[in-house]
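Student: Numbering (my numbering), first residue to last: 6 to 251.
For the record, the hints were derived by calculation from the structure and aren't laboratory data.
You may find that some hints are simply not true.
[Claimed, not checked] Straight-line C-alpha distance at most 25 Å; calculated SDA-like pairs for lysine to any residue:
(1) K58 - T74
(2) K85 - Q107
(3) K207 - A249
(4) K138 - E200
(5) K42 - A15
(6) K42 - G77
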Amino acid sequence: MTVIDVSEAAFQAEVLDRSNEVPVVVDFWAPWCGPCKQLGPALEKAANARDGKVVLAKIDTDENPDLATAFGIQGIPTVKAFQDGDIVAEFVGVLPAAQIEQFFDGLVPSETQLLLDAGDEESLRKAVEQDPKNVDAAFALAQMLYRAGDSAGALELVANAPGNFRADGLAARIELETAGAPETADAFASLDDGELEEGLDKLVALLAAKHDVERVRRVIVAILDELGPVHHLSRETRRKMAAALY
Numbered sequence: 006m007t008v009i010d011v012s013e014a015a016f017q018a019e020v021l022d023r024s025n026e027v028p029v030v031v032d033f034w035a036p037w038c039g040p041c042k043q044l045g046p047a048l049e050k051a052a053n054a055r056d057g058k059v060v061l062a063k064i065d066t067d068e069n070p071d072l073a074t075a076f077g078i079q080g081i082p083t084v085k086a087f088q089d090g091d092i093v094a095e096f097v098g099v100l101p102a103a104q105i106e107q108f109f110d111g112l113v114p115s116e117t118q119l120l121l122d123a124g125d126e127e128s129l130r131k132a133v134e135q136d137p138k139n140v141d142a143a144f145a146l147a148q149m150l151y152r153a154g155d156s157a158g159a160l161e162l163v164a165n166a167p168g169n170f171r172a173d174g175l176a177a178r179i180e181l182e183t184a185g186a187p188e189t190a191d192a193f194a195s196l197d198d199g200e201l202e203e204g205l206d207k208l209v210a211l212l213a214a215k216h217d218v219e220r221v222r223r224v225i226v227a228i229l230d231e232l233g234p235v236h237h238l239s240r241e242t243r244r245k246m247a248a249a250l251y
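Construct the entire structure; sequences and hints are all you get.
Tutor: And the structure:
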């Protein structure tokens, strides 16, 4: 079974011993806990998606107070993952579904994650088919299609990518290229030639000139997200963006 209820008497066998064979994720919860009821189904979905490669053990802290005390449970829901008898990961409270998937992927990657890791077009297409809401898979496939010259196919994949700056930036770039403005084409040419600072400066200049501000801004944000916040160009470009916009 993928999801089991565990008591104090069965904890050694069902959690600690079993974790020598497969990862066991323990959900410390209680029937009166509203957030627990919110988190529980998401945990069960993530566990079931891994087809027996991980077990979700649910422990009612009201019925098993000694276990709650032994593991220092001060608030619920609390989730702890066990491997080889030891705690290897944990969190407290309710997480978004995507973060729960990441938590489980750290123990046992889902089939979608394995396809994403493979990285070839066939695998990425399967990943998108299996999980159409997986923006990372959609973006990876969109990048591949875009580089192969299929801008329309790429845009279809990333036209609505909330929370993923790079996917949103790729969509904005394709839209700008479709519009055909020479100013943006010049900036993109610099970026593609590896002249990152020059390309960013040209994009910032377009912001200052109020040229298609929102889409240009999205392209810049995508580049800065890829560079990371500590990169010197990220810091400098954000300063220039602020001056150009405000």
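Student: Which hints from the list above does the structure break, by number from lowest to highest?
Tutor: Result: hints 1 and 4 break, sorted rising.
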